[in-house]
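S.K.: Sequence:
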Amino acid sequence: MALKNIFQLPIEIDDKIALKIYRKIAVINGKIGRLNSELNHSIINDNFINIMSIRESLESTKIEGTQVTFDEVLEEKMDKNPSNEVKEVLNYMDALSYGFEQITTHNRPLSTKLIKELHTILLTGTRGKDKNPGNFRKIQNFIGPDNKIENAIYIPIEANLIEEYMTNLEYFMNGMEHQSLKEEPFKTYFNYNADPLIRTAISHAQFESIHPFLDGNGRLGRILIILMLVNAKTIEKPVFFVSEELEKEKARYYDLLNGVRSEKSDWQGWITFFLQATERMIDSILLKISNSESLYLTGANLLHTSSEKLIWFITFQEPKITVRRASEITKLSQPTVRRALKKLAELDLIYEEKSKKRNRTYNNYELLRIINN
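Start counting the sequence shown at 1; every next residue gets the next number (this note's numbering).
To be clear, the hints were calculated from the coordinates, so they are not data collected in a lab. Please note that a few of the clues may not be correct.
Stated by the list, open to error - Below are the DSSO-like pairs computed for lysine-lysine, each with C-alpha atoms no more than 30 Å apart in a straight line:
(1) Lys4 / Lys80
(2) Lys62 / Lys187
(3) Lys31 / Lys4
(4) Lys342 / Lys354
To be verified - Quick list of the computed label-pair ranges, beta carbon to beta carbon:
(5) His304 / Gly33: 33 to 43 Å
(6) Asp14 / Leu368: 39 to 49 Å
(7) Thr124 / Lys342: 35 to 45 Å
(8) Ser294 / Asn151: 50 to 60 Å
(9) Asn84 / Lys20: 38 to 48 Å
(10) Arg358 / Val27: 30 to 40 Å
(11) Glu184 / Leu19: 14 to 24 Å
(12) Asn40 / Arg280: 32 to 42 Å
We treat Cβ as the ideally placed atom computed from N, Cα and C, and that holds for glycine.
Full structure from sequences and hints, please.
M.R.: The structure is reproduced here in structure tokens:
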């Protein structure tokens, strides 16, 4: 029998469970503070964020079944006509970048309006382009193994309730009091004033359960994880790349989301899983920052000219690069870029693909190993 019906927020929680979760939160928030500091002081912070954004976008779309590799995305992202699957990854990056800019530069909250704008960007020119991008669904949808509702695993709320549930979620996500966020006396809740990590875990599950759009709910929901924490000023850069950890345990991820969609909702199980994935993700990113910066400094110490050092720096933004592309980014002449790339290849800092006579690609394989590890 399909799971149906979800409750509006907040969620009631046992006192002892809440205390246990907050102890875990204290540890993770300490690591997030270190992550913010490392990124602020890293020489390659913007380059690192760019390449990790590609990785996050790829991992999030993989959860939805997209079959494309990291190398394919890097190679096709500058093409005028990338494949449909690469386009989905690039749209994810564009939506994340747009959301980050709207929150940090234009001081917009995570409103329903902004969420719809992100959805439009996400689905433009992809397989969901005919699923009414930027608008809540007007019909019943369901989650299941095929296109028959009788085989559904989960049936979200009716379309006429979406606005009400999304308003409730919107205030909860933004940490704002609202009449719909009701509490009963003498009970403990995770409400709009809970720690941002807790609100993010709950909000992600609630958004996926509402399933407000006909397509793209999973990808958009994972973008909102990052933007919620940016909005709460928990993270300073859009680097909360948890999709890789969720993809590693995809079956558990989906099972625990289903676990909150019943009268006996297992919120403890879901929040604990989310926090565990978060901690592993932060540990992984901290290690990747350290290793990437060490690699950059090692290479920079071997180089003598400013053009060589600049091109080396650029390969941390685009680890698969051509002479033309490097020239576009740096504004250096193509002959200067070509000489610099040849020098980097001679020093074994990058690898020159020799199978092509024209438009050869130069690969920073060591960085790719670090990012993919």
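S.K.: Indicate, hint by hint, whether the structure satisfies it.
M.R.: Tested hints:
no.	hint	in the structure
1	Lys4 / Lys80	43 Å, violated
2	Lys62 / Lys187	40 Å, violated
3	Lys31 / Lys4	37 Å, violated
4	Lys342 / Lys354	12 Å, holds
5	His304 / Gly33: 33 to 43 Å	38 Å, holds
6	Asp14 / Leu368: 39 to 49 Å	45 Å, holds
7	Thr124 / Lys342: 35 to 45 Å	39 Å, holds
8	Ser294 / Asn151: 50 to 60 Å	52 Å, holds
9	Asn84 / Lys20: 38 to 48 Å	44 Å, holds
10	Arg358 / Val27: 30 to 40 Å	53 Å, violated
11	Glu184 / Leu19: 14 to 24 Å	20 Å, holds
12	Asn40 / Arg280: 32 to 42 Å	22 Å, violated
Comparing the model with each earlier hint shows violations of hints 1, 2, 3, 10 and 12; every other hint is respected.
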